[in-house]
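6 protein chains.
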Amino acid sequence: MHGAIDHFLAEDIGHGDITTESIFAVDQEGKAVFVAKDTFVTAGIETVAPLVFARRNPVIVCETVDDGHQARPGDILLTATGPVRDLLTAERLALNLVQRLSGIATLTSKFVAKVSPLPVKIVDTRKTTPGLRVLEKYAVRVGGGGNHRYNLADGVLIKDNHIAACGSICEAVRRVRVRAPHTLKIEVECENLEQVKECLSCGIDIIMLDNMELPTILEAVQLAKGKALLEVSGGVNLHNVRELAETGVDLISVGALTHSATACDISMRFQ
Amino acid sequence: MHGAIDHFLAEDIGHGDITTESIFAVDQEGKAVFVAKDTFVTAGIETVAPLVFARRNPVIVCETVDDGHQARPGDILLTATGPVRDLLTAERLALNLVQRLSGIATLTSKFVAKVSPLPVKIVDTRKTTPGLRVLEKYAVRVGGGGNHRYNLADGVLIKDNHIAACGSICEAVRRVRVRAPHTLKIEVECENLEQVKECLSCGIDIIMLDNMELPTILEAVQLAKGKALLEVSGGVNLHNVRELAETGVDLISVGALTHSATACDISMRFQ
Amino acid sequence: MHGAIDHFLAEDIGHGDITTESIFAVDQEGKAVFVAKDTFVTAGIETVAPLVFARRNPVIVCETVDDGHQARPGDILLTATGPVRDLLTAERLALNLVQRLSGIATLTSKFVAKVSPLPVKIVDTRKTTPGLRVLEKYAVRVGGGGNHRYNLADGVLIKDNHIAACGSICEAVRRVRVRAPHTLKIEVECENLEQVKECLSCGIDIIMLDNMELPTILEAVQLAKGKALLEVSGGVNLHNVRELAETGVDLISVGALTHSATACDISMRFQ
Amino acid sequence: MHGAIDHFLAEDIGHGDITTESIFAVDQEGKAVFVAKDTFVTAGIETVAPLVFARRNPVIVCETVDDGHQARPGDILLTATGPVRDLLTAERLALNLVQRLSGIATLTSKFVAKVSPLPVKIVDTRKTTPGLRVLEKYAVRVGGGGNHRYNLADGVLIKDNHIAACGSICEAVRRVRVRAPHTLKIEVECENLEQVKECLSCGIDIIMLDNMELPTILEAVQLAKGKALLEVSGGVNLHNVRELAETGVDLISVGALTHSATACDISMRFQ
Amino acid sequence: MHGAIDHFLAEDIGHGDITTESIFAVDQEGKAVFVAKDTFVTAGIETVAPLVFARRNPVIVCETVDDGHQARPGDILLTATGPVRDLLTAERLALNLVQRLSGIATLTSKFVAKVSPLPVKIVDTRKTTPGLRVLEKYAVRVGGGGNHRYNLADGVLIKDNHIAACGSICEAVRRVRVRAPHTLKIEVECENLEQVKECLSCGIDIIMLDNMELPTILEAVQLAKGKALLEVSGGVNLHNVRELAETGVDLISVGALTHSATACDISMRFQ
Amino acid sequence: MHGAIDHFLAEDIGHGDITTESIFAVDQEGKAVFVAKDTFVTAGIETVAPLVFARRNPVIVCETVDDGHQARPGDILLTATGPVRDLLTAERLALNLVQRLSGIATLTSKFVAKVSPLPVKIVDTRKTTPGLRVLEKYAVRVGGGGNHRYNLADGVLIKDNHIAACGSICEAVRRVRVRAPHTLKIEVECENLEQVKECLSCGIDIIMLDNMELPTILEAVQLAKGKALLEVSGGVNLHNVRELAETGVDLISVGALTHSATACDISMRFQ
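As they're listed, the protein sequences go chains A, B, C, D, E and F. For the first sequence, the working numbering assigns the number 1 to the initial residue and increments by one for each residue that follows. For the second sequence, the working numbering assigns the number 1 to the initial residue and increments by one for each residue that follows. For the third sequence, the working numbering assigns the number 1 to the initial residue and increments by one for each residue that follows. For the fourth sequence, the working numbering assigns the number 1 to the initial residue and increments by one for each residue that follows. For the fifth sequence, the working numbering assigns the number 1 to the initial residue and increments by one for each residue that follows. For the sixth sequence, the working numbering assigns the number 1 to the initial residue and increments by one for each residue that follows.
Don't read these hints as lab results, they were simulated from the structure. A couple of the hints might just be wrong.
The list makes no distinction among identical chains, and a pair is therefore deemed to hold if it is satisfied within one copy or across any two copies.
Below 30 Å or equal to it, Euclidean Cα-Cα: the simulated DSSO-like pairs (lysine-lysine) are [to be verified]:
(1) Lys227 x Lys185
(2) Lys185 x Lys114
(3) Lys127 x Lys31
(4) Lys127 x Lys197
(5) Lys197 x Lys185
(6) Lys225 x Lys197
(7) Lys159 x Lys37
(8) Lys31 x Lys159
A quick note: this is a predicted structure, and the numbers were derived from the prediction, not measured.
Produce the entire structure from the sequences given, and follow the hints as far as they go.
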């Protein structure tokens with residue numbers, strides 16, 4: 001992450017924080033704290049914020065609560081001690097990242113709570129912020145969720161266009177098996193039960209039930225449970241996730257975890 | 001943006017789209033369209049999406065609606081023609097960016113509509129997504145808003161910690177004037193009317209009225225209107241923005257434009 | 001690959017090919033050919049060599065035989081037409097890469113021929129040249145082999161140290177399942193039959209039979225065939241690979257494919 | 001080398017070593033050793049392996065034998081102490097590099113032993129692994145060899161195409177002397193004695209005797225010894241190198257040092 | 001600056017300082033000093049030279065005089081203690097930078113002295129050395145000058161072509177105000193008094209009096225003083241700067257500060 | 001150079017040329033010319049300026065005079081046709097580079113004229129602008145000079161500290177011969193005739209006569225002419241260069257060529 005953090009700092013600082021450099025001497029020390037202004041699950045406070053400060057100036061010392069901490073308004077989440085110039089200059093990036101990641105962890109934890117204690121995993125998608133995928137997928141895990149594939153190379157997902165081009169699911173699978181490492185599972189996006197059956201006939205590892213109605217999902221579970229992992233996808237929200245979980249599927253993937261989480265409210269002040 | 005787009009593509013593709021490479025020949029051509037699934041203001045569809053496809057493969061040809069277009073469900077926003085492999089491989093990044101940027105333009109346009117036709121400008125903040133600032137500030141302009149400073153070097157904003165360290169606003173300003181290019185305006189974050197008055201005494205260009213109550217803002221306007229630009233900041237939302245605008249301030253800055261906009265719904269399909 | 005090729009060109013060219021720039025005018029055109037001096041399977045001639053020339057100067061036009069072509073001494077493998085300066089300056093890198101990749105494809109094809117037509121796959125390892133992994137794994141596929149995982153993130157391989165730290169294979173697997181994407185298979189490196197049995201008890205996807213004697217491998221096949229993929233690893237060479245293949249295992253991984261292949265002999269001359 | 005090592009680590013690790021991160025806590029310490037499984041000359045063990053570990057985590061402490069050490073099976077070559085996660089994650093790259101570099105040093109030392117104590121230098125070529133030239137040329141020196149030019153800018157080598165384009169060697173030399181820094185020697189690749197004589201007539205610094213028969217080389221030595229450095233090149237191997245050395249030439253360049261050395265066998269285990 | 005310094009070091013060192021590595025052992029320590037050979041104002045000696053040495057090897061310890069120090073021949077400006085290899089290898093870059101920056105500070109200080117104590121600021125331009133803008137603008141401040149805008153994004157400067165394209169200054173300003181952050185002042189380059197008057201009519205912040213004769217400047221000051229900042233630009237030198245300053249303008253921009261300063265003489269020797 | 005030009009453009013443009021983007025439409029075309037305002041030798045006008053425009057926008061078409069052209073006030077040196085936005089945005093960098101490089105070529109041509117037609121070469125040093133070495137050494141050649149080594153790796157220069165550490169010149173040379181490629185000449189910096197004699201005794205290729213008085217140089221020429229290349233260095237200027245050249249030395253190196261050349265005057269205007 002070092003290169004990415006440096007790039008983000010450069011974006012926010014430009015050729016220098018003119019205001020702060022005008023006012024604070026290079027050797028002036030201070031102690032800043034991050035304070036929660038809301039109720040949320042922390043993510044990045046333990047791992048990312050200290051790294052932001054360290055990349056700005058390695059002499060800054062941070063103490064933090066753990067990632068996964070349940071924050072309440074007024075909680076002190078992080079204490080950073082070091083040159084005031086660097087604390088102020090790194091402040092905005094550290095906050096922007098932690099607020100966003102905590103937002104994702106918090107939203108994930110709400111989905112997870114809704115389906116608890118059913119044996120189903122809430123997982124993310126590739127609908128993450130460009131440039132922040134590794135961090136956002138980490139935040140999903142902090143919130144109690146699991147990760148879907150990280151990129152197009154570490155997972156196989158056969159979709160409608162792939163199937164159409166091959167004429168059948170089984171032919172698509174055959175072609176993929178020639179090319180893909182044997183260490184990757186093969187997943188197929190199905191839109192109906194016929195496709196689910198075809199998947200079973202060619203030994204697919206994971207079947208994605210894409211935007212199916214509840215009764216169809218139930219039928220798919222009856223057909224395929226235990227023979228392949230079953231993943232529900234499409235239109236999942238906090239209102240319908242429990243219902244979907246109760247069908248007996250193994251996985252529910254939720255794009256909203258990363259594309260619709262909103263920032264948690266945290267501010268920095270000096271002590 | 002070329003370097004950033006390449007970096008984002010690498011993040012999403014890894015060492016290759018195994019599924020797609022297994023199934024489509026290198027020379028297979030296709031035509032894909034982006035379809036709106038919702039009502040929103042487009043941003044990035046004209047400028048960013050074609051660039052994503054071009055960075056993946058410069059032979060891809062795109063036709064698009066303009067940025068700032070009012071999209072309705074079913075509208076075709078973009079047509080991309082070229083190798084199917086590259087269309088599929090660049091799809092997710094192009095969508096992730098356009099959905100996010102359109103979300104920002106759409107939210108901005110709602111704020112702008114609320115205050116119209118009052119002579120006030122809705123502007124953004126530095127609470128943008130790390131790595132996407134230039135794009136997100138572009139989306140704010142597409143939505144009818146204006147931009148605050150881009151980074152810590154192209155604007156001076158004197159905040160509470162700066163003032164405290166100097167003993168007074170005027171001393172802080174004096175120090176900044178020595179160091180800052182004369183081409184930058186100087187802005188001071190004020191929490192009360194005393195500070196507003198001190199700003200006027202030392203010729204500040206912009207006064208930020210930070211988290212002030214409505215009556216205080218009104219007094220500040222009476223004191224300072226025409227002598228400095230007046231910017232309201234803090235806790236602005238779609239419900240109170242009109243009221244704030246009617247006070248007569250010049251600018252209203254809204255962090256939510258970039259940190260709380262949600263993605264618009266767009267999908268890609270082949271024709 | 002563009003960035004890597006540029007980096008390799010810079011390494012070989014430095015601030016300029018002084019000899020060639022002294023002698024050839026900028027606009028002097030020529031036609032160069034790559035000639036096989038040996039018998040081998042080509043890899044990179046179709047995909048990598050033209051890219052090297054194109055990165056040096058996009059106006060160079062290449063015609064080539066296909067990757068996977070069976071070359072014989074005297075065969076013309078590539079014709080490149082363009083500025084003489086650029087042909088000479090890119091020559092060494094293009095040759096260095098194609099000779100190495102063809103060496104890997106050729107060695108792989110020998111292993112594959114030895115086990116044909118048994119239903120077993122010859123696969124590579126992570127013992128590749130630093131910086132060239134994607135290219136070398138491509139060459140293995142050209143030679144008829146398959147790929148093992150590309151890196152530590154796109155496959156799970158539980159080894160002795162991991163097992164020792166957890167106390168048991170099943171505990172190691174349990175911990176991995178919490179963290180790893182469900183799209184990845186889990187592989188365990190086993191040194192004896194007890195471990196193979198433990199793997200079966202916790203539903204492992206792939207069992208690596210590490211440096212086992214032939215009779216032990218046969219027992220392992222009897223125990224586990226069809227319940228998990230079976231991969232033989234360690235000390236595999238052209239003399240023993242057939243024998244290993246006949247045990248009925250699914251995969252044989254061979255580090256030598258990439259760390260012990262020697263360069264094929266190809267030279268460039270002008271026509 | 002820092003940038004290159006970081007790049008290689010990223011290639012091997014991807015977004016993280018999922019297996020190891022699942023099992024070992026961040027703060028678990030361990031001690032690993034590199035053990036020789038064969039007889040060879042070490043290269044990189046003192047200089048490159050500790051750098052790989054340090055780039056992964058600067059707290060790792062390494063003790064090593066020297067580069068140029070004569071290793072025997074069972075020898076402990078390196079001890080690395082630090083976080084287990086980082087030891088395991090950097091293991092493969094450190095081994096891949098040291099095994100390759102030791103292979104080069106070992107092969108070079110065999111060529112050097114063959115010609116000892118004759119006053120001739122065994123030197124490398126530009127047939128190195130793309131991206132590893134500086135390291136591989138270092139390994140050649142560790143093995144007792146010398147370096148030819150590093151790239152096309154730090155040496156002048158006039159070859160057949162250059163001569164043909166100019167009409168004569170002397171004209172080629174004249175053009176080069178206008179352009180090249182006076183700090184570089186000029187070398188000409190000769191295929192026959194006529195060319196050797198022409199070289200002497202225009203004051204060439206180094207004459208390469210390219211793929212010449214032994215009697216021709218002997219004649220060339222008689223003609224030119226002491227007037228220019230004489231370098232034999234082409235088809236040199238361990239069987240003919242002594243014979244070539246005894247002709248009295250100054251330098252013998254051997255592409256095989258870098259393109260045909262095979263990896264030495266080293267493994268890592270925990271103590 | 002770290003990345004830039006590393007890049008400059010790589011440019012000067014290539015794959016290694018062969019002379020120094022041949023002669024000095026890796027662990028040989030030494031103490032080097034920078035000695036002034038001339039009279040000048042130091043810039044970079046305190047801030048840039050130590051960074052150059054630290055990027056080469058962080059164990060090097062430097063003591064220096066302050067930037068802005070008035071150096072006299074024989075003055076010791078910097079003492080660096082550490083490995084001799086690294087001191088010698090970083091010497092040239094450290095000197096090249098400090099000599100250039102001190103040259104800029106010295107020339108600036110001469111302009112500043114000429115206009116003292118008039119209330120006018122000597123400022124730089126964008127005529128800086130590509131790649132060194134931030135450092136050179138720092139040197140201008142060290143010499144007592146001020147900075148004009150850093151780049152095309154952090155200042156608005158409407159020139160003749162812009163005006164011509166819009167038909168009038170006021171129309172150009174109107175268009176800029178839509179697009180530019182409100183935090184930037186707007187400057188217009190004027191060639192005559194008519195343009196100055198038009199600027200005043202549309203509330204411009206800064207008026208550049210471009211290559212005007214002295215009487216015209218005096219008239220412009222009478223017209224506009226106190227209504228906008230007045231900047232003189234074009235053909236300024238040490239002979240006419242006092243005269244220009246006495247007109248009462250606020251700013252005098254001088255391209256020569258950065259494009260015509262010559263290097264100060266400093267040498268390194270060992271103690 | 002592509003990477004460097006992109007970096008320089010980014011430095012000058014920041015996130016965008018706000019003025020120009022506010023005023024000119026994306027598709028507005030124009031034709032700009034570079035006009036000489038002075039008498040000088042052009043360098044970079046043919047090679048670097050068109051590259052700057054092309055990196056900004058590849059559709060821009062340039063026609064130029066040749067590098068090495070003798071420019072006179074009013075001469076049109078370059079015509080660039082393309083989008084006005086890109087012409088204006090790339091203008092400053094193109095001018096900054098061409099003015100600087102032409103300054104170097106012009107100064108070099110003056111030194112060369114002074115020594116003509118004596119058989120001596122005027123050469124540069126490593127006192128170049130950090131980041132611009134390759135361009136500046138090119139400009140020296142355009143002006144009729146030659147290049148000294150490019151960096152610490154492509155030439156050997158033994159200086160006083162190296163000699164002191166070894167006890168003698170011959171010992172220093174011995175150590176260097178073990179390590180350095182045989183393709184590099186060895187140069188020694190001598191301060192007196194004793195050292196010149198020692199150089200001759202150990203077969204040095206180039207002897208640098210460092211800051212010697214004229215009579216000493218004459219003695220050195222008598223001693224060493226024809227046995228080694230003789231290079232004069234230190235305190236060379238346009239007044240003493242002829243006198244130095246007449247001593248019969250082979251090379252005169254002049255730091256001032258690059259560190260004291262001043263920018264030539266060129267401006268851009270639209271047609």
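Hint check results:
Taking the shortest Cα distances, lysine 227 and lysine 185 sit within 30 Å of each other both inside one copy (13 Å) and across copies (15 Å). Taking the closest pair of Cα atoms, lysine 185 and lysine 114 come within 30 Å of each other both inside a single copy (28 Å) and across two copies (28 Å). For the homomeric pair lysine 127 and lysine 31, the shortest alpha-carbon distance between copies (23 Å) is at most 30 Å, but the shortest distance inside one copy (37 Å) is not. For the identical chains of this complex, lysine 127 and lysine 197 are intra-copy neighbours only, at 28 Å inside a copy versus 40 Å across copies, given an alpha-carbon limit of 30 Å.
For the identical chains of this complex, lysine 197 and lysine 185 are neighbours both inside a copy (18 Å) and across copies (22 Å), given an alpha-carbon limit of 30 Å. Proximity of lysine 225 and lysine 197 under a CA criterion of 30 Å is satisfied in both settings, with 12 Å inside one chain copy and 25 Å between copies. Taking CA atoms no more than 30 Å apart as the test, lysine 159 paired with lysine 37 passes between copies only; the shortest distance there is 20 Å, against 43 Å inside one copy. Only between protomers do lysine 31 and lysine 159 lie at most 30 Å apart by alpha-carbon distance; the minimum there is 17 Å, versus 53 Å within a single protomer.
Every hint, counting from the list given before, is met by this structure.
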